[in-house]
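K.L.:
Sequences are here, hints too, so could you generate the full structure?
Single-letter residue listing:
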Amino acid sequence: MADEEVKLHGMWGSLFSKRVEMALKLKGVPYQYIEEDLTNKSPDLLKYNPIHKKVPVLIHRRNPIIESHVILEYIDETWKTGYPLLPEDPYERSMARFWARFVDEKCLPSAWKAACSEGEEREKFTEEVHGHLKMLEEQLRGKRFFGGDAVGFLDICASFVAYWILVKQEAAGAEFLTESKFPALWRWGEEFKGCAVIKETLPDRARLLASLKAYLEIMKAPK
Amino acid sequence: MAGEGRVTLHGTWASPYSKRVELALKVKGIEYEYVEEDLMNKSSLLLQYNPVHKKIPILVHNGKPIVESMVILEYIEETWSDGPRLLPEDPYERAKIRFWATFLHQQVFEVLVLVLKTDGEAQAKAMEQLHEKLKLLEEGIKGSFPGGSPAVNGENMGLLDIVVCSYFGPYKVHEEVLGLKYLDSEKYPLVTSWVKSLVQYPAVKESTPPHEKSVALVRYFREKALQSPAGVL
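Protein sequences appear in the order of chains A and B.
For the first sequence, counting from 1, position 212 maps to 212 in full-length UniProt numbering; every step adds exactly one.
For the second sequence, counting from 1, position 149 maps to 149 in full-length UniProt numbering; every step adds exactly one.
Keep in mind that the hints are not guaranteed to be accurate.
Simulated crosslink set (EDC-like; lysine to aspartate or glutamate; CA at most 16 Å straight-line) [claimed, not checked]:
#: 1; chain 1: B; residue 1: Lys64; chain 2: A; residue 2: Asp89
#: 2; chain 1: A; residue 1: Lys47; chain 2: B; residue 2: Glu139
#: 3; chain 1: A; residue 1: Lys80; chain 2: B; residue 2: Glu139
#: 4; chain 1: B; residue 1: Lys64; chain 2: A; residue 2: Glu92
No wet-lab data here; the hints were simulated from the structure.
A quick note: this is a predicted structure, and the numbers were derived from the prediction, not measured.
P.N.:
Here it is, written out as structure tokens:
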């Protein structure tokens, strides 16, 4: 039925967009994917997300849902009987939500700042990144995934740490996450990327690297 | 039952984040102990419960701490699942409320704080931004909630009501300190009438600090910010 159709407006390299794809695929929800050119946004994107004009935007039953965390919760609540994204226990759910916010509010910005800076400033920001990664790593506590035995909400929200951060550090010539510094996080990352659904969703590494390098050049160029 | 056990809230009387947890607990009729924290002299308990951010509010339930006000609100809703609802049942309605709560949380309050911390040109600029956000909120609420205020069943405050109230409830305090109005009923009729009806709720009235006390604190905060060399704290 056309009404039950799911559409996703996304961008090939966006980790926010990819989170939603991972969730839909884990749930086994078929969807139509629309690639957005963020330099030339589609009228549909602007109509559905007039406030932020960003991806991802999920359309279901002709309703737009925006903000990746909000979309993930919507997916979990709508397709309740499928693969569970969030744990059942309210306390565990609150932990997953807390650490998911931590990744977005702390890990992402500190890595960007470190990547875009040089010398002493970069050292300072890199130390911040290491601090944040250490805190996140402690949450694994010997589990296979943040979600326990299977990939869950927090694993998806932390995919930056499994993939994008590694490409970013290469693009920037920096050192954020190494196996020796963060063995548990590294191991988790490898397991996470090894899952079939995740592997097929992650953007092409060479393309992402080129794109990040180009972006960093623009950011560093004297204004 | 999940909803049993001792509940303690570590907060501060002036924090909107602390306030929203208080309101949620009151709406749900949950009995709790309140601990006023001194943020200039953080207790060892605070640092133990929230080592990552070292902030309030912290909800402690059965000895387990939950932090971040929005995370706490969702925890409260899920743990005390019988009784007044903070979120509606329908996933799309829930998504809309979460979206607007996030918008307010991430985009609106920091602009309001900027207005309070600045003067002259900087303040005029911040004020412009605040009006932009209020306009977006006004139009957005109209579009997202055509039936009016998102109070869940029309009787108790819901999650978004609580978030709006925590930021804009003290509008009279802000306007007195600033010597200017921002909650304009002509420009933002929906948002203004919403805030004005929210502050009438008994739960809000009983948890609102005395007006003069709030004015004194916000005034102090503003003066300190204006005095600091960079112009902002």
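K.L.:
Regarding the pair Lys64 of chain B and Glu92 of chain A, is the alpha-carbon distance no greater than 16 Å?
P.N.:
11 Å, holds
K.L.:
Checking one constraint from the list: CA of Lys80 of chain A to CA of Glu139 of chain B, max 16 Å. Satisfied?
P.N.:
32 Å, violated
K.L.:
Given the hint that Lys47 of chain A pairs with Glu139 of chain B, test it: the Cα-Cα distance must not exceed 16 Å.
P.N.:
OK: Lys47 of chain A and Glu139 of chain B at ~14 Å, within 16 Å.
K.L.:
Does the structure keep Lys64 of chain B and Asp89 of chain A at a Cα separation of 16 Å or less?
P.N.:
13 Å, holds
Hint compliance for this structure: hint 3 is the single one not met.
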